[in-house]
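The numbering used here applies: residue -3 is where the sequence shown begins, and numbers increase by one.
Calculated directly from the structure, the hints in this document are not laboratory data. A portion of the hints provided could be inaccurate.
Once the Cα atoms are required to be at most 20 Å apart in a straight line, the calculated SDA-like pairs of lysine to any residue come out as [claimed, not checked]: (1) Lys49 x Asp106; (2) Lys49 x His59; (3) Lys49 x Thr132.
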Amino acid sequence: MEAAILIMALLFVAFVALGVYVTVKAVGAAKRGVERTVTQARRTVEDTTLRAKSVGQPGVPGHLAQLRLSLRTSMRATQEALHARVAEDESLRESIALFERLSAHGHELDDELRRLEREPDRRRTAERMPELRERTERITHSADSLRWAARDRARQFADDELAALSQQIEMESGALRDWSTKGPTNGEPASWDALSDNPAPSHGASSSAGSSRSSSSPSAERDATDRPGPAAQAPQAIGAAKPPVTYPWQKAPRPEATS
């Protein structure tokens, strides 16, 4: 009785622990989903604001917004392209490591551009614009190079796979069309000639036999008459070859040629 109570208590504790674990996992997943949604919404708002500033505000604020928008767009596109293909191509992990190092410079530049948007001294900010534009172009160029290299690599793999598949299909198609060199299959009935144990002699064989008989000398015929007949011959040994069996569907041999 005590053992049964102990087992029930252990099962109850196990079910409670499992329920707590599932609840924690569900809460964590929901929290991550909410954070992801909030981050995406905030990113969308920031991008929309930057687009509006780059178009609507002239001068330094518009240029700063344009640089930030270009930097964020390039970095985000490269990050998505690399992480989307790393599961299929392990060699992209090195590219991701390089991109993470590049992202550190990108975040630093984005923070600096954000601070300069609130800088009241527009003259000094305008003096730094060539240097900021050059840094932005260098970072975006490196990000674009990684992104396009990953895309070109994926397209090359797809082209190679398609070429190999096309070659295999061509070989299979040629094998399917190779009916001229194939004999009858096992399911096809054999021909009548194959069923005959004593096929009819050909015309050439009959002609040669007739010509040999017609050209035999009288002495050979006289010797043949002196030989004993079939009844006088010695009996055949056991296991000797039996005369061929003929079937009614066989063709009759052609008459021998006469000279």
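Going down the list of hints, with the structure as the test:
{"no.": "1", "hint": "Lys49 x Asp106", "in the structure": "holds (15 Å)"}
{"no.": "2", "hint": "Lys49 x His59", "in the structure": "holds (9 Å)"}
{"no.": "3", "hint": "Lys49 x Thr132", "in the structure": "holds (18 Å)"}
This entry satisfies every hint, going by the numbered hints stated previously.
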